[in-house]
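K.L.:
With the hints as constraints, model all of the structure from the sequences given.
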Amino acid sequence: MKQFVTLFLALFTYTASSQDYFWVGGSGDWSDFANHWATSSGGSTFHTVAPTSSDNVYFDINSFSSTSQVVTLDIVADCHSMDWTGVLNFPSIDGNGNAMNIYGSLTLAADMTADFANVEFESSTSGNSITTNGTSLGTSSCTRLNGVGGEWALQDNLVTSTLYCTAGTLTTNNHDINSG
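Residue 19 in the working numbering sits at position 7 of the sequence shown, and the numbers go up by one each step.
Hints were generated in silico from the structure; no laboratory data involved.
We put the beta carbon where it would ideally sit given N, CA and C, even for glycine.
Using C-beta positions, here's what the derived DEER-type ranges look like:
1. 65 to 176: 14 to 22 Å
2. 160 to 52: 29 to 37 Å
3. 145 to 39: 19 to 27 Å
4. 104 to 184: 25 to 33 Å
5. 101 to 44: 15 to 23 Å
6. 52 to 78: 16 to 24 Å
7. 47 to 178: 29 to 37 Å
8. 82 to 186: 30 to 38 Å
P.N.:
Laid out in structure tokens, this is it:
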């Protein structure tokens with residue numbers, strides 16, 4: 013019985029701590045959770061903290077209302093997976109000199125601009141992917157695979173200023189890597 017209770021509590025704790033965050037309200041700072049990180053797509057109920065390494069973040073059709081709005085990393089930012097599928101109005105993410113730590117997968121959109129300073133892939137599990145849809149990670153971006161036991165598979169070509177693999181495995185799937 014004690015093992016069952018321990019397992020149940022561990023599972024409940026993991027489930028309760030992993031949440032989905034949806035960007036709303038156009039341009040803004042990553043840390044401004046009270047105005048930009050909603051609990052549902054297009055929602056008006058907001059999270060009480062910025063995303064953590066166990067949280068998935070989504071940028072979608074309800075994230076940006078006009079052209080060229082920008083998400084600024086005003087802090088070192090964390091998330092489990094980041095997904096820009098379905099964004100409209102050619103948004104951007106600006107690293108602003110801060111690191112973006114991703115503990116899962118990354119999916120960018122074709123109609124966006126990314127200007128990351130540092131992208132750190134930190135997963136310790138397999139099954140992660142990197143999909144750029146033709147979007148460069150930035151002209152001066154430093155991309156590092158740094159997850160002991162982590163595995164990432166490219167779904168298309170990767171363009172980044174520098175690429176380091178300090179821990180983990182990158183499978184190119186015969187896609188090109190354009191790096192300094």
